[in-house]
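If you want the building blocks of each chain, they are given just below.
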Amino acid sequence: MSKVYDVAIIGGGPAGLAAGLYASRSRMSAIIIEKAKWGGQATTTEELENYPGSIEMPTGPKLMERMKSQAEAFGTELVKDDVTGFDISAKVKVVKLASGNDISAKTVIIATGAQPMLLGAPGEMELRGKGVSYCATCDADFFTELEVVVVGGGDAAVEEAIYLTKFAEKVTIVHRRDEFRAAKSIVEKAMNNEKIDIKWNTVVEEIYGDGIVEGVKLKNVQTGEVTDFRTDGVFMFVGTKPISEFAKGVVDMDQKGYIIADEEMRTSVEGIFAAGDVRVKSLRQVITAAADGAIAAVNAEKYIEKNFEH
Amino acid sequence: MIELNKDNFDAEVLQAAGPVLVDFWGDKCEPCKALMPEVHALAEQYGDKIKMCKLNTSENRRLAIGQKVMGLPTFIVYKNGEKVKEISGAENCTPATIESLIKENI
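Those protein sequence lines, which keep their order, are chains A and D.
Residue numbers for the first sequence follow this note's numbering, so the first one is 1 and each next one is one higher.
Residue numbers for the second sequence follow this note's numbering, so the first one is 311 and each next one is one higher.
Bound-form chain A, shown alone:
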């Protein structure tokens, strides 16, 4: 039989990398499986000022690069692959991979995180990459001296709107409520930014353009009035959805697909833990993801001590 790892960690964002670091430092054999980009969603934010200790050069990509090197330095193995499912019929669990190189492990930590949610407006899919964007750092360049709309009212929306003012001539935040959910310090910064305009109680009904975004139809949710608004780009920050499809029917989830875990990150299946944004929780941030990862790794170790002979 091939190697049996102590911990197989699915997802290479802050939760997975912290879990790998803690597991490796406890002398457990750990492997992290990442399907796309190391660092996860955190790499798509330029300013990461709320991670303690990251005041200098607080960019998402830099912080995540350091987290990755740190886990690797302590011996965490990293592999690029796509998880397709599990076999949990035996005590040693099998994580099935697209490549066919399945991984056997005594415990599994699911740290797959979340991804941006689509708004669902007509034109959104057709104009993706043609002015409709979900990643300000990826695409801000294109909008130098142009005008953009930012949709949403949380931390991501307001922070990215501020970031976009470094490129765009004008940034209009469209928010369906009459106040932001974002942290007060960020909101103040946005309110004081001359390039930022805010449309409260407003939703985007439609995005249009001939091969490239030309404008949006905005609807005031109080009056029902629909207006035409010319813009070159639309950045969506309307929330996230969990990446948990592959674990459906294996561990318990809520209606939205977030995995239910307790304070010790234990899911409904013994030996399977969940950490980070993929879990049901109130605050989805790099710091809470990293904390979850540490807790999951420590509890994975306890589980192994109890259930496996040395």
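No lab work stands behind these hints: they were computed from the structure.
Using N, Cα and C, we set each Cβ at its ideal position, and we do this for glycine too.
Fair warning: there could be bad hints in the mix.
[Unchecked claim] The calculated label-pair distances, taken between Cβ atoms and stated as ranges, are:
hint, chain 1, residue 1, chain 2, residue 2, range
1, A, D178, D, R372, 20 to 28 Å
2, A, F74, D, P347, 18 to 26 Å
3, A, K166, D, E414, 37 to 45 Å
4, A, D210, D, R372, 14 to 22 Å
5, A, I55, D, P347, 27 to 35 Å
6, D, A406, A, D262, 44 to 52 Å
7, D, E313, A, K91, 49 to 57 Å
Based on these hints, arrange chain D on the given structure of chain A.
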């Protein structure tokens, strides 16, 4: 892979005989950079059947916008100077989807 810019784009892409795949990427696009090793591997594998090119949009913004590309990552297949298929966005552009984009067009 061929590095594209405004001087060679017409000759290498629009006037090329046979299919051409262009990887639109940028200096600040982390998903694009994460895909690069896999894209290079695909270029090794399929390079004799499809011309594999990349375009740094950070250095060639106007050229990219001229091709109606305003978001990254974006992969476009051209045939006889015409776009025949494109995929865009980090969730949609994976090694698997890029490989099928190539296979469908060779």
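query: Between A/F74 and D/P347, does the beta-carbon spacing fit 18 to 26 Å?
result: At 24 Å between Cβs, range holds.
task: Using the Cβ atoms, figure out if D/A406 sits within 44 to 52 Å of A/D262.
output: 35 Å, violated
query: Do A/D210 and D/R372 keep their Cβ atoms within the hinted range of 14 to 22 Å?
result: Since the Cβ atoms of A/D210 and D/R372 sit about 19 Å apart, the hinted range of 14 to 22 Å holds.
Satisfaction of the hinted span 20 to 28 Å by the C-beta atoms belonging to A/D178 and D/R372: Given a distance of about 40 Å, which is not inside 20 to 28 Å, the answer is violated.
- prompt: Regarding A/I55 and D/P347, is the given constraint of 27 to 35 Å on their beta-carbon distance met?
  reply: Holds - the Cβ-Cβ distance for A/I55 and D/P347, about 32 Å, lies within 27 to 35 Å.
message: Taking the Cβ atom of A/K166 and the Cβ atom of D/E414, is their distance within the range 37 to 45 Å?
response: 39 Å Cβ-Cβ, so the 37 to 45 Å window holds.
- prompt: Do the beta carbons of D/E313 and A/K91 sit within 49 to 57 Å of each other?
  reply: 52 Å, holds
When each numbered hint is compared with the structure, violations occur for hints 1, 6.
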